[in-house]
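S.K.: Assembly of the complex is requested from the two constituent chains, each provided in isolation within its own frame, with the hints serving as guidance.
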Amino acid sequence: MDFFATAFLLVALFGLLGMGLWIGLSLTAVAWLGMELFTTRPVGQLMVNKIWESGSSWTLTALPLFIWMGEILFRSKLSEDMFRGLSPWMALLPGRLLHTNIIGCTIFAAISGSSAATCATIGKITIPELRGRGYPEFMTVGTLAGAGTLGLLIPPSIIMIVYGVTAEVSIGQLFIGGVVPGILLAGLFSGYVMVWAVLNPSRVPAENIRMRLLDKIRAGRHLLPAVGLILCVLGSIYAGIATATESAAFGALGALILSWLQGSLNRASFVDALMGATRLSCMIALILAGASFLTLSMGFTGLPRHIAEWIGGLGLSPWMLIAALMVFYIILGCFLDGISMVVLTMAVFLPTVEKAGLDLIWFGIFIVLVTEMAQITPPVGFNLFVLQGMTGHQITFIARAAVPLFLLMVVAVALITLFPELVTFLPQQMIVRR
Amino acid sequence: MRGALQALYRACGALAGAALVLMLTMITLNIAGGVFGFFIRGLDAYAGYLMAAASFLALAYTLKAGEHIRVTLLLQRLPVGLHRGVEITCLALAAAITGYFAWHSVDMVYISWRIGDVSQATDQTPLWIPQSLMAFGVVVLFVAFVEETIDEIMGRRKAPPKTDEPAHIE
Chain D
1 MDFFATAFLL VALFGLLGMG LWIGLSLTAV AWLGMELFTT RPVGQLMVNK
51 IWESGSSWTL TALPLFIWMG EILFRSKLSE DMFRGLSPWM ALLPGRLLHT
101 NIIGCTIFAA ISGSSAATCA TIGKITIPEL RGRGYPEFMT VGTLAGAGTL
151 GLLIPPSIIM IVYGVTAEVS IGQLFIGGVV PGILLAGLFS GYVMVWAVLN
201 PSRVPAENIR MRLLDKIRAG RHLLPAVGLI LCVLGSIYAG IATATESAAF
251 GALGALILSW LQGSLNRASF VDALMGATRL SCMIALILAG ASFLTLSMGF
301 TGLPRHIAEW IGGLGLSPWM LIAALMVFYI ILGCFLDGIS MVVLTMAVFL
351 PTVEKAGLDL IWFGIFIVLV TEMAQITPPV GFNLFVLQGM TGHQITFIAR
401 AAVPLFLLMV VAVALITLFP ELVTFLPQQM IVRR
Chain V
1 MRGALQALYR ACGALAGAAL VLMLTMITLN IAGGVFGFFI RGLDAYAGYL
51 MAAASFLALA YTLKAGEHIR VTLLLQRLPV GLHRGVEITC LALAAAITGY
101 FAWHSVDMVY ISWRIGDVSQ ATDQTPLWIP QSLMAFGVVV LFVAFVEETI
151 DEIMGRRKAP PKTDEPAHIE
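Top line first, the protein sequences correspond to chains D and V. Residue numbering for the first sequence follows our numbering, beginning at 1 and increasing consecutively. Residue numbering for the second sequence follows our numbering, beginning at 1 and increasing consecutively.
Be aware that a few hints might be false.
[What the hints assert, rightly or not] Here are some of the chain D residues that sit facing chain V, going by a computed Cβ distance under 7 angstroms:
no., residue
1, Leu-17
2, Leu-21
3, Thr-28
4, Gly-44
5, Val-48
6, Ser-56
7, Trp-58
8, Leu-60
9, Gly-132
10, Ala-252
11, Leu-274
12, Met-275
13, Thr-278
14, Arg-279
15, Pro-304
[Said to hold, decoys possible] Straight-line Cα separation of at most 25 angstroms, DMTMM-like style, residue types lysine to aspartate or glutamate; simulated pairs:
no., chain 1, residue 1, chain 2, residue 2
16, D, Lys-50, D, Asp-81
17, D, Lys-50, D, Glu-168
18, V, Lys-158, D, Asp-272
19, D, Lys-50, V, Glu-87
20, D, Lys-355, D, Glu-421
21, D, Lys-124, D, Glu-207
22, D, Lys-124, D, Glu-137
23, D, Lys-50, V, Asp-44
24, D, Lys-124, D, Glu-354
25, D, Lys-50, V, Asp-117
26, D, Lys-50, D, Glu-354
27, V, Lys-158, V, Glu-87
28, D, Lys-77, D, Asp-215
29, D, Lys-216, D, Glu-309
30, D, Lys-50, V, Asp-107
I should point out that these hints are in silico values taken from the structure, not numbers from a laboratory. Virtual Cβ for every residue (Gly too), placed ideally from N, Cα, C.
If we strip away everything but chain V, and leave its shape as in the complex, we get (with noise of 0.2 angstroms):
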């Protein structure tokens, strides 16, 4: 089960990955197309549901690794009592905040389908398609949270990799 849980988060993780390749692939094209003068309709959409998709596919893969930010300054503070019980209480809002956005995507990914709703761009692409990858990737990241909530009461969650990649954002 957890083996299988891992292996879903990773998958979706390197699924996001070839989005990201795909999106650039897009962007490429539209570009050359305004170059060599050719034009591949609803490049710009895909690029945009492609992106959705990276970001949202990627979600419990990134909480795995730990990337995800918080503010840990108070947290860090706390004595070890407290300190796990503030932590159950964060897993498990976080958890009720995804099940309720989870719930929600896939409601849209539902209304979309059968009000058959499409594109208002030039690709004309039924919303339900893209939209479902999104949705997935954020029932996925529901699923991770409720794990690592189970984990932490069990006292059996394991820190996130300390990551000592200079790569932050700022």
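If we strip away everything but chain D, and leave its shape as in the complex, we get (with noise of 0.2 angstroms):
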């Protein structure tokens, strides 16, 4: 592998992404010149066959009905019925409301598989009511932002599927890697409230809600289309009766029943939500189709295998190679999104990643974490626009906001390495289907 190449095709790549070529070109451009530069054969062919083959698979039919359900469900009633049949248990907490951005992400995060999604279907209900009580905006702003990108973490989740098709491996068990350390990251994040609450009594206010047992339990009532799609969605998975594509089918059988039920599916919002759900999945196949090219290009250049040799000789340990990784990919995540992140980085990594002997699910979950990290990292950080445009902040205060949350995320990647069972144990119970 001369070096020279590489450099060029890397130079080629940056080069492509920083002009705005967009995104799935760029990596079609770089493919293609690494297949011209280091194979005779039939380039063109070659590129549509793979392309073909790779878009028109079974299992990827997963992503736009997950895509789909999460539209129907951002247009219904849900989040609102949420908020009312959160808030009331929320007040006994140290830091009342400000638990329903975090716990309402994580429920929603487990209906949808999009971040952004999540924070503003939560935001839209969760911003004027908390506003209009009075909680500090510095906290509503920052756990939003946080808890939002469970929506990556907690399954379904869009990311995973891509990294899943990516990575060859299984969906059903990443979704099921996810929800341990989604369900920590939760509880740390609402751990940083409860603190900051006791040490700041005074800025938190009053609830002068006052509701018997009953009233609370009924009003709990609220949440039950919620968990009635999780377990439709998730436990199918998990009991092994159905495949990540056939769950998402009940997801998105689920969402339009469910916003049919409550009235709020009309001709106009079924058609918007179909076209939002086909552009929004036209746009992730395009990035797809570049970098199922490019991994194609990849292994006639040999360079993954390459620098899995290289780092492979440095004789780092795992945890500095995952800390090295971790770096890396927040640096990353400050210019990309996370899926082209994602597939970017995973056709020249795999190699490494298997030859550290990481475990591939692992490995997704630790990804998934870190692109979590790079959404709310300025200056490129999804969660950070969505939350702009709802509060009018500066994207600054925002980001100052999500900081404590961030470095909770970097106590979790810390407590998943050390702990890797968190991530794997589940996965390993599962009966898988394919």
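M.R.: Now the structure itself:
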């Protein structure tokens, strides 16, 4: 493998990305360059065959379905219901309704595959409610930014589907692997709110709704639709009844039925949700098309194998390797979105990960966690953009408010590195259907 | 001409949406078959074809909605003149890449048709049929990029609508 050729490919990649060429097309162009440099085979033909094969796969169908499900629920009254069901209970904890952000996002994350959608769906209810009651903006915005990222970690998760398809591991296992780390992270966030509330008792507004226990339980019934959907989607995967694709179909049908029962489903909202899902999954499909071609091309260049050997030769301890990767991803995440980051690095790093003896399910969860961090680091952080649009605050204010939650995510990475079973235990117990 | 192109992009988008609905139907039928004990041949393969159709047919429509992502961090900071130059280069490159992609997609359909390639799965569909939907979508994307390039050069390209849709992937 020629050093200059490698350097040339890297410069070309970052040059094209940096100048603003569409990400999927940048990947395609670099893959093409790599192929032309390293093989004499008919590049165009190999390219379309690969893209056709990966673009028409049964596994991939889970992607638009989960996106569609999220789009339907975003347009339903689900988040209002959840707030009504949660708030009487959360008012009991130190930090009170700030927890509706965290628990609300956690529950919504379990029916939605995206972090910005989670953040926006929960935020559109909690921001006005918390503002009206006088909660400090800094805490409202911070917890929402942090907890919104749980949309990536708690299944179903779009980015896990992308990782699963790219690294060829079971999407069902990835989903189940994200459950415990997701709950762990939500727990860390809630702990942060409680500690803050204990230290600043004067800044937590008093809650004047006094409800009897019975009423609280009755208010809790508003949570049932969400819980039902979670059981449908995650339960069916874990019990081995359904593949990721089948559970996505359950989820999309369930979301349609739910919004119909709520009366929020009409012709306009159906078409809106469907076309929103079409555009979003098309956008990801273009990146995936470029990425599948890049993976093919990298196989011909031998670059990933060389990197694996080089990193293997450095003799890093697993801790050092993981710390180095985390820093690398956080920096990359300042410029790229999570999905591009995953497909781009997996095309190059997969052999390195395998050679280092890291479990591919574990690594998937790790990558999702660091992508979550990237969601709330400027200059490019989708959750920051979403919250900027919703609250009107400066991006720097939102990013500052999210710093403590960012640090808690670093703690979470340390914890899953220390105790890999947090990730791997549940997936090993499940019955996998492919 | 321009009106016709707009209509073409929108029609392809609508077809892609319909493909998604059909795909959900196929998968649901597949599940129902497992539960109620009937079997329809090739449903999983059809779902895959519809997945590809939905992805590729929507390409131009998604581009026009400004939802294909790119890194605009540096681009935004360039002075106006340079910005325009880089933008034209990007569009021209994109047209070249999608042109190459479109050419080979059409070629793939032609080859599949000529050698009578059929699916290896139970559906045994002649592959040129589903593949031609992908090829068509890519050709339309190429046309859209050419149109955008010309518009940018003529200085009449409209910025894509700013969506406040929070529904971004991440």
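S.K.: Now, for every hint given, state plainly whether the structure supports it.
M.R.: Okay, the hints, checked on the actual structure:
Checking Leu-17(D) against chain V: minimum C-beta separation of about 5 angstroms stays under 7 angstroms; hint holds. For Leu-21(D), the interface hint holds, the least distance from its beta-carbon to any beta-carbon of chain V being 5 angstroms, beneath 7 angstroms. A cut of 7 angstroms between beta carbons decides the hint on Thr-28(D): the least distance to chain V is about 6 angstroms, and the hint holds. The interface hint given for Gly-44(D) is met, as the beta carbon of that residue sits about 4 angstroms from the closest beta carbon of chain V, less than 7 angstroms.
The closest approach between the C-beta of Val-48(D) and any C-beta of chain V is roughly 4 angstroms, which is under the 7 angstroms cut-off, so the hint is satisfied. For Ser-56(D), the interface hint holds, since its Cβ comes within 7 angstroms of a Cβ in chain V; the closest pair sits about 4 angstroms apart. Given the 7 angstroms rule on beta carbons, the hint for Trp-58(D) holds: about 5 angstroms separates it from the nearest Cβ of chain V. Restraint check, Leu-60(D) versus chain V: the minimum CB separation of about 6 angstroms is within 7 angstroms; hint holds.
This hint is violated: Gly-132(D) has a C-beta 21 angstroms from the nearest C-beta of chain V, more than the 7 angstroms allowed. Using the Cβ-Cβ criterion of 7 angstroms, the hint placing Ala-252(D) at the interface with chain V is satisfied: the shortest such distance is roughly 6 angstroms. With a cut of 7 angstroms, the hint placing Leu-274(D) at the interface with chain V holds, because the nearest CB-to-CB distance is about 5 angstroms. Satisfaction of the interface hint for Met-275(D) is found here, the shortest Cβ-Cβ separation to chain V being roughly 6 angstroms, below the 7 angstroms cut-off.
For Thr-278(D), the interface hint holds, since its Cβ comes within 7 angstroms of a Cβ in chain V; the closest pair sits about 5 angstroms apart. Given hint, Arg-279(D) at the interface with chain V, holds; its Cβ is 5 angstroms from that chain's nearest Cβ, closer than 7 angstroms. Contact between Pro-304(D) and chain V, as hinted, is not supported at the beta carbon level, the nearest pair being about 23 angstroms apart and thus beyond 7 angstroms. Note on Lys-50(D) and Asp-81(D): the hinted pairing is violated, with a Cα-Cα distance of about 45 angstroms set against a maximum of 25 angstroms.
With a C-alpha separation of about 15 angstroms, the suggested pairing of Lys-50(D) with Glu-168(D) holds against the 25 angstroms cut-off. Distance hint between Lys-158(V) and Asp-272(D) is fulfilled; the C-alpha atoms sit about 23 angstroms from each other, no more than 25 angstroms. Taken as a hint, the Lys-50(D) and Glu-87(V) pair is broken in the structure, with Cα atoms around 30 angstroms apart against an allowance of 25 angstroms. Under the criterion of a C-alpha separation no larger than 25 angstroms, the hint pairing Lys-355(D) with Glu-421(D) is consistent with the structure, at around 20 angstroms.
With a CA separation close to 21 angstroms, the supplied pair Lys-124(D) and Glu-207(D) stays within the 25 angstroms bound. A distance of roughly 14 angstroms separates the Cα atoms of Lys-124(D) and Glu-137(D); the hinted pair therefore holds under the 25 angstroms criterion. Using a Cα cut-off of 25 angstroms, the hinted pair Lys-50(D) and Asp-44(V) holds, with the two alpha carbons roughly 19 angstroms apart. Between the alpha carbons of Lys-124(D) and Glu-354(D) the distance comes to roughly 42 angstroms, so the proposed pair goes past 25 angstroms and is violated.
The suggested pairing of Lys-50(D) with Asp-117(V) holds, with an alpha-carbon distance near 16 angstroms, which does not exceed 25 angstroms. Between Lys-50(D) and Glu-354(D) the CA atoms are separated by roughly 23 angstroms; this keeps the pair inside 25 angstroms, and the hint holds. Note on Lys-158(V) and Glu-87(V): the hinted pairing holds, with a Cα-Cα distance of about 13 angstroms set against a maximum of 25 angstroms. For the given pair, Lys-77(D) sits about 21 angstroms from Asp-215(D) by alpha-carbon distance, which is consistent with the 25 angstroms threshold.
As the CA atoms of Lys-216(D) and Glu-309(D) are separated by approximately 59 angstroms, the hinted pair breaks the 25 angstroms bound. Restraint check for Lys-50(D) and Asp-107(V): satisfied, since their Cα atoms lie roughly 14 angstroms apart, inside the 25 angstroms limit.
Hint check: violations occur at hints 9, 15, 16, 19, 24 and 29; the rest are consistent with the structure.
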